[in-house]
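Peer 1: Numbering (the working numbering), first residue to last: 33 to 147.
Hints listed in this document are in silico derivations from the structure and should not be mistaken for laboratory results.
We treat Cβ as the ideally placed atom computed from N, Cα and C, and that holds for glycine.
Treat each hint with caution, since some may be false.
[Stated by the list, open to error] When the alpha-carbon atoms are kept at most 20 Å apart in a straight line, the in silico SDA-like pairs for lysine to any residue are as follows:
no.	residue 1	residue 2
1	Lys114	Ala38
2	Lys114	Ser55
3	Lys114	Asp69
4	Lys133	Gly49
5	Lys121	Ser55
6	Lys114	Lys82
7	Lys121	Val59
[As the list claims (entries may be wrong)] Across the chosen pairs, the derived CB separations fall in these ranges:
no.	residue 1	residue 2	range
8	Thr48	Val76	16 to 24 Å
9	Val51	Val76	19 to 27 Å
10	Gly49	Arg107	18 to 26 Å
11	Arg46	Ala112	26 to 34 Å
12	Gly37	Ala113	21 to 29 Å
13	Gly104	Arg46	21 to 29 Å
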Amino acid sequence: CVKLGAAGALLADRSTGRVHRVSGYQVDVADTVGCGDSFAAAIVMGYINKSSIDATLALANAVGAATAMGRGAGRNVATAAKVEQILLKGSASGTAALVSKQALELLNASLACAK
């Protein structure tokens, strides 16, 4: 997996040989501390939930972007509401809209499991 910040992320699928690329999200960055850890946590969440690679990458990008909007780590990491807002804002039309919708479904499924 290669993180590209606001430009998105790449992930190579060994089983198919396909390289997946998903666009990133433009946000006002306050601090990048914790962004990589937040991104990785979302990747693990997508893997555990057997979500598509594209939806998992979109969610990871949104979680990383939401984390970048706060200062420091810990309590300032991404909230579900902030991630949802980023996904909804970034889902204009076409493939990006479908991937954002799938990422939002993954977020909601993960929140339901946490309750």
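Peer 1: Tell me the numbers of any earlier hints that the structure contravenes, in ascending order.
Peer 2: When the structure is compared with the hints, numbers 4, 6, 10, 13 turn out to be violated.
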